[in-house]
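All chains, please: the whole structure from these sequences, using the hints.
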Amino acid sequence: MDVNDLAWAILLLPLVVAASILVGVKRFAGVSALISTGSALLTLIFSIMLAANGGGDAEVNSFPWINLGEHFRVDIGITIDELSRGMMLIVTSIGFLVHLFSLAYMKDDPGKARYFAGLSLFMFSMTGIVLADNFVMMFVFWELVGVSSYILIGHWFEKNSAADAAKKAFLTNRIGDFGFMIGILLVWTLTKSIYFEGIEAAIGSVTNTALLNIAVLCVFCGAIGKSAQLPLHVWLPDAMEGPTPVSALIHAATMVAAGVYMLARVVFLVEAAEVAAQWIAWIGAITALVAALMALQQNDIKRILAYSTLSQLGYMIMAQGIADGGSNAGMFHLYTHAFFKALLFLGSGAVIFACHHEQDIWKMGGLRKKMPITFITFALGTAALIAVPLTSGFWSKETILEAAHDQHMYGPYIMGIIVAFLTPFYMTRLVIVAFFGKNRTDDSGHAKEVGPIMWIPLAILAIMAVFSAYSFISGPLLARGHADFGHFHFGLTAILSLIGLAVGVGAAVFLYRGKDSDPISIPLFRDKFYIDEIYKGIVAIFQDAVAAFLDIVDRFIVDPVVARFPAKSAMGAGNFLRFFQVGNVQGYAFLFGMAVVLIVVLLIL
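For the sequence shown, this note's numbering gives the first residue as 664, with consecutive numbering after it.
Simulated from the structure, these hints should not be mistaken for laboratory data.
One thing to keep in mind: the hints can contain errors.
As the list claims (entries may be wrong) - Lysine-lysine pairs mimicking DSS-like chemistry, simulated, CA-CA at most 30 Å apart:
(1) Lys770 x Lys689
(2) Lys1032 x Lys1101
(3) Lys1026 x Lys822
(4) Lys1199 x Lys831
What the hints assert, rightly or not - Restraint-style ranges between C-beta atoms, simulated for each label pair:
(5) Arg1176 x Gly701: 27 to 33 Å
(6) Leu731 x Val1202: 38 to 44 Å
(7) Leu704 x Asn823: 31 to 37 Å
(8) Gly861 x Tyr1073: 34 to 40 Å
(9) Ile1183 x Lys1101: 18 to 24 Å
(10) Asp668 x Phe1153: 44 to 50 Å
(11) Glu1112 x Tyr1073: 46 to 52 Å
(12) Ile1183 x Asp668: 55 to 61 Å
Positions of the beta carbon are idealized from the N, C-alpha and C atoms, including for glycine.
Now the structure itself:
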């Protein structure tokens, strides 16, 4: 197969499978699961073939979609370059491992066929974002990702919490997407193009820098929603209500990374808008710090990982706002983070599965001996996340911090260093409480190692978590973000990171070793800075209060005056005139005479 056939096969195969499951084989859950998993394996193979088929740009056939003449034309087109090749490998590899893990995790789920159809629809949507060569096509698939994530997060829709989480994710993302749409229109106004190549060619001639900065900030709104940055981050922790494999697929490596990928795709726009770039860097840094503080006091194993994802996404977004190599560093961290965070989410799924769906880490304990494979792989994923030297996470995180330091962005740099201390602290807390000590409940006491269908993906991801940053694995795929280890500089950043690592791990071991309850209580962090409560208050004021006022207006003004008054007036007039319709000839003659007399009198006067 040539590049053209491979690209279109990667894009369309998941769509065909999703449609086939929903229309044809939905009644056969096992067959649906195997078809979906098989398609994920094929797309992974095709992505590997695509990556091996040269490292440069490739021409791919496009198809006309919207044609309004010379002023506006949109094609269904595909872009194949180093960035899309690398991102496609991440999406398809994580996607396949999640499918494989789900075969065991969702084995007895009554909605199994619907679940795997949702996975295939999500794979189609995500590959569309990665391969799109223009803003309009990307936006269409952007919205499809929102739809498919809504389906997957709300898979267990009979639970109110899951249904509410799905709606929250969908509505929150729509807010960011509205800004994204405005940004696309502004970029088109400034450059007269919606194609990435055309925008890059025209960006140098844009003279209205104020409008350009506004356009980039609006485009960034899309990333704020999808990549869960402040203040639209609130949907991601609640999205943990979905099945754990969904958390790994959507919230660890793919959907939340779409915003980072989009900014990397239009890095020329960000670099041309200096004010917007600074906003992007600061918002990313603040998100990284605030999310890390929230993670310190969470007890749900998946929510801890969710806030960790928010924090690491903050690193990536911060990097996108740093000039001269920051975008490359952000994509490098996206690549490594995808593997170790997917490992941690799937590992948490194995723990939850073994503990009879218990998610509170304080109701676990002693799992190290009962689940040795899960523990080892989870520990390796944790090591990569907290940036233990020589793991992949160490290299990619250092690359971001070095880029911030070199560009003299000391505010985001200091926040990043603080996060480098907080991350080891809360992740070590999780490992100690869940895997060490004694069994605190019968659920953890009866836990046992999961089967090979579940631990094989964990083992593969553990290898990638440690070694994915090294060139003998990454090869040419990280040309946009590959770290030059041969010229690694052991300077201030590395020293501060290692100090943060040692202090964070040491403090967590000291505070949580042998404890059966949390010795620290910080309600501000535990309640997530009360941001959800603030939003509820805003909704109560600007939605519920307005709705109550309009209800009063409707009941006491619109209904009686506008709706009922004309009707009752017509009815009264009819009743009055009906009084004269007596059906008697003499009566009509009398009324006629009275009318004549009245007219004569009026004429005389």
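Comparing the hints with the structure gives:
1. The straight-line distance between the Cα atoms of Lys770 and Lys689 is roughly 15 Å, inside the 30 Å bound, and the hint therefore holds.
2. For the given pair, Lys1032 sits about 10 Å from Lys1101 by alpha-carbon distance, which is consistent with the 30 Å threshold.
3. In summary, the hint linking Lys1026 to Lys822 is supported, as the alpha carbons are separated by about 22 Å, within the 30 Å threshold.
4. For the hint linking Lys1199 to Lys831, the alpha-carbon distance of about 12 Å falls within 30 Å, and the restraint holds.
5. Look at Arg1176 against Gly701: about 46 Å separates their beta carbons, and that is not inside 27 to 33 Å.
6. One distance hint, 38 to 44 Å for the beta-carbon pair Leu731 and Val1202, holds here, with the actual separation near 39 Å.
7. The beta-carbon spacing between Leu704 and Asn823, approximately 36 Å, falls within the hinted interval of 31 to 37 Å.
8. Range check, Gly861 to Tyr1073: Cβ separation about 37 Å, and the 34 to 40 Å hint holds.
9. With their beta carbons about 20 Å apart, Ile1183 and Lys1101 fall inside the hinted range of 18 to 24 Å.
10. Distance hint check for Asp668 and Phe1153: the Cβ-Cβ separation is about 47 Å, which falls inside the suggested range of 44 to 50 Å.
11. Between Glu1112 and Tyr1073 the CB atoms are about 47 Å apart, so this pair conforms to the stated range of 46 to 52 Å.
12. A beta carbon spacing of about 57 Å between Ile1183 and Asp668 agrees with the range 55 to 61 Å that was offered as a hint.
In summary, the one numbered hint that this structure violates is 5.
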